[in-house]
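Participant: Letter by letter, the chains look like this.
Protein chains: 2
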Amino acid sequence: MSEWQFIDWLRSKTGSLGNIGDPIVLGPGDDAGIVRLGPETIAAVDMLMDGVHFDLNKIEARLAGRKALAVNLSDLAAMGARPICALVSLALPESGGLAMGREIMEGILALAKEFDVRILGGDTNSWSGKAVISVTVLGQPLPNRAPLTRSGAKPGDWVLVTGSLGGSLGHGDKLGQGRHLTFIPRVQVATQLNLSFEITSMIDLSDGLATDASHIARESGLTIRLDQDHIPMSSDIPDGSPEERLKHAMTDGEDFELMFTAHPDIAREILISDAFEGVPVTHIGECRAGDPVVQWLDGTTVMAHGYQHRLD
Amino acid sequence: MSEWQFIDWLRSKTGSLGNIGDPIVLGPGDDAGIVRLGPETIAAVDMLMDGVHFDLNKIEARLAGRKALAVNLSDLAAMGARPICALVSLALPESGGLAMGREIMEGILALAKEFDVRILGGDTNSWSGKAVISVTVLGQPLPNRAPLTRSGAKPGDWVLVTGSLGGSLGHGDKLGQGRHLTFIPRVQVATQLNLSFEITSMIDLSDGLATDASHIARESGLTIRLDQDHIPMSSDIPDGSPEERLKHAMTDGEDFELMFTAHPDIAREILISDAFEGVPVTHIGECRAGDPVVQWLDGTTVMAHGYQHRLD
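Heads up: the protein sequence lines correspond to chains P and S, in order.
Numbers 0 to 311, taken from numbering that gives the first Met the number 0, label the letters of the first sequence in order.
Numbers 0 to 311, taken from numbering that gives the first Met the number 0, label the letters of the second sequence in order.
Excised from the complex, chain P in its bound form:
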């Protein structure tokens, strides 16, 4: 099967165009895709590689594809934006690449359908290396709501987080097979938050709370203080001492939950709201004037050892 036959298969899966209200003007198969977005286009890209972000010796390629789209939907969620469409570029191994490419795309397409996201275009290649998946997702602001950035937190704001943290990768026999492959991007929660409440900043937790909180601290120019007794601990964290378990929650990364800030009055409303369809929201800290660092309540520094690709 050639690249174009692959594109034909993909076009057969991505549906017809031109339905009333369909934002996709031109889908895969031309030099570029065309989509109606506005008033602003919100775009994010993430590249996932076999052996780094997933291990195709241990998991189905479908799950790798799912994850590649999911991490991007999580980025759009963190902007309080609506994802509309995605472009997918693939490098596939020369041997077995076609079957793998179809499985990857099936994982992407299934999740895309759940979130009403369309495939706008792509590029498919084969090579002697391992599989690489790069997904770019495009979206637009929610009606009359500005996107939420990392830079809007104010001293006095409370810090909140969705879900529970740590152990996302899995452990023991299931190492690499944890919820980092199957998490639900928090698009709906983020939509509710941005539509119904004044959120001052938001980020998705990809590198671990310690590191991602430091991004908010830095971009907003303030100190974040976290309460170590209120960090929501995932049941995926392996047994260990309280200190070990806290470290998992703070630094394992790939939680893909939302951390966000809001004025205390707003935060209290959020904490008693039932708008989030069973997703828990926890008050974990506060913002204060000061250096752009992350501390515990007693003022000691939270060390950031979150997941980070070092470039040496």
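To be clear, the hints were calculated from the coordinates, so they are not data collected in a lab.
Here the structure is a predicted model, which means the values were calculated and not measured.
Each hint should be verified, as a subset may be incorrect.
[Stated by the list, open to error] Below, in silico cross-link-like pairs of lysine-lysine (DSBU-like), each with a Cα-Cα straight-line distance of 35 Å or less: (1) LYS153(P) - LYS12(S); (2) LYS129(S) - LYS173(P); (3) LYS129(P) - LYS112(S); (4) LYS129(P) - LYS57(S); (5) LYS129(P) - LYS246(S); (6) LYS129(P) - LYS129(S); (7) LYS129(S) - LYS12(P); (8) LYS173(S) - LYS129(P); (9) LYS112(P) - LYS173(P); (10) LYS129(P) - LYS57(P); (11) LYS129(P) - LYS12(S); (12) LYS173(S) - LYS12(S); (13) LYS153(S) - LYS12(P); (14) LYS129(S) - LYS246(S); (15) LYS129(P) - LYS246(P); (16) LYS129(S) - LYS57(P); (17) LYS129(S) - LYS246(P); (18) LYS12(P) - LYS112(P); (19) LYS246(P) - LYS173(P); (20) LYS246(S) - LYS173(S); (21) LYS112(P) - LYS129(S); (22) LYS57(P) - LYS173(P).
Assemble chain S onto chain P, guided by the hints.
Facilitator: Below, chain S without anything else, positioned relative to chain P:
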């Protein structure tokens, strides 16, 4: 240097935001970028891998980065659209990845500056494999001009091509170091064509004229007949018989010239126009009702052996 220090460096290179008329609302460093585009967003992605699309043992990483953006600008040119911004995802080797990543980005940034294209976002990773560069470019239609697709050619239209074809990869001692690394994306020519003439279809020549003409034939549902005596032959084609040289021009690929169609009256105007800043335009064939194939003037089939990534 960490990923975030790399992002800091990138932000220092991508300039300040918020200038009047600047379409970039939010650049690299948040969960997503924000850009004002409209009325439609035109998006293309291409992934280039070390050892396939370039060889970092033989060329500077800067040229690989340049090519990764250039092929995407060529796609936007082929839509008759204006490129505005790009997202870049990188997989870099663990050893020496930082220096390589900077060189790649410098190549991208230099070409971006030439075309007034901004970097909207990205993702940088390291791994045990070779370098992979995926670039997504976003653009918008020219004022009051629809994008040009592959599907609008009409029977009777003439087929034209910019520049000259074949030998793009280089040969002999210079194999891999040819103009596929340094070509100028035909954005300005495409802009002139779409603004000043009624073009019915357009494609950029990435896989070779034989193959790319077949895309127009197929998407427009007609036969394309090419005149083998009028295919513009690049001086980069190695010595050989006329048949060998024609095969290079038809199938080498990576010419990144534009093939397009127009009514004969329009085509004649284009051929005598001096609007293309020295880029030659050649009349190479015509469209006629019939099966979606590419033929020579005598009706024999032009075999497509253009560059194509096979997925086995």
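Participant: None of the hints should be skipped; say for each whether it holds.
Facilitator: Do the hints match the structure? See the list:
1. LYS153(P) - LYS12(S): Holds, at roughly 28 Å.
2. LYS129(S) - LYS173(P): 28 Å, holds
3. LYS129(P) - LYS112(S): 33 Å, holds
4. LYS129(P) - LYS57(S): 22 Å, holds
5. LYS129(P) - LYS246(S): Status holds; Cα separation ~33 Å.
6. LYS129(P) - LYS129(S): Holds. LYS129(P) to LYS129(S) sits at ~9 Å (cutoff 35 Å).
7. LYS129(S) - LYS12(P): At roughly 31 Å apart (the allowed maximum being 35 Å), LYS12(P) and LYS129(S) satisfy the hint.
8. LYS173(S) - LYS129(P): Given pair LYS173(S), LYS129(P) holds - Cα atoms ~28 Å apart, limit 35 Å.
9. LYS112(P) - LYS173(P): Holds. LYS112(P) to LYS173(P) sits at ~28 Å (cutoff 35 Å).
10. LYS129(P) - LYS57(P): 14 Å, holds
11. LYS129(P) - LYS12(S): Holds - the C-alpha atoms of LYS12(S) and LYS129(P) are around 31 Å apart, at most 35 Å.
12. LYS173(S) - LYS12(S): 32 Å, holds
13. LYS153(S) - LYS12(P): Between LYS153(S) and LYS12(P) the Cα gap is close to 28 Å, so the pair holds against 35 Å.
14. LYS129(S) - LYS246(S): 32 Å, holds
15. LYS129(P) - LYS246(P): 32 Å, holds
16. LYS129(S) - LYS57(P): 22 Å, holds
17. LYS129(S) - LYS246(P): 33 Å, holds
18. LYS12(P) - LYS112(P): 11 Å, holds
19. LYS246(P) - LYS173(P): Judged against 35 Å, a Cα distance of about 20 Å means the pair holds.
20. LYS246(S) - LYS173(S): 20 Å, holds
21. LYS112(P) - LYS129(S): 33 Å, holds
22. LYS57(P) - LYS173(P): 9 Å, holds
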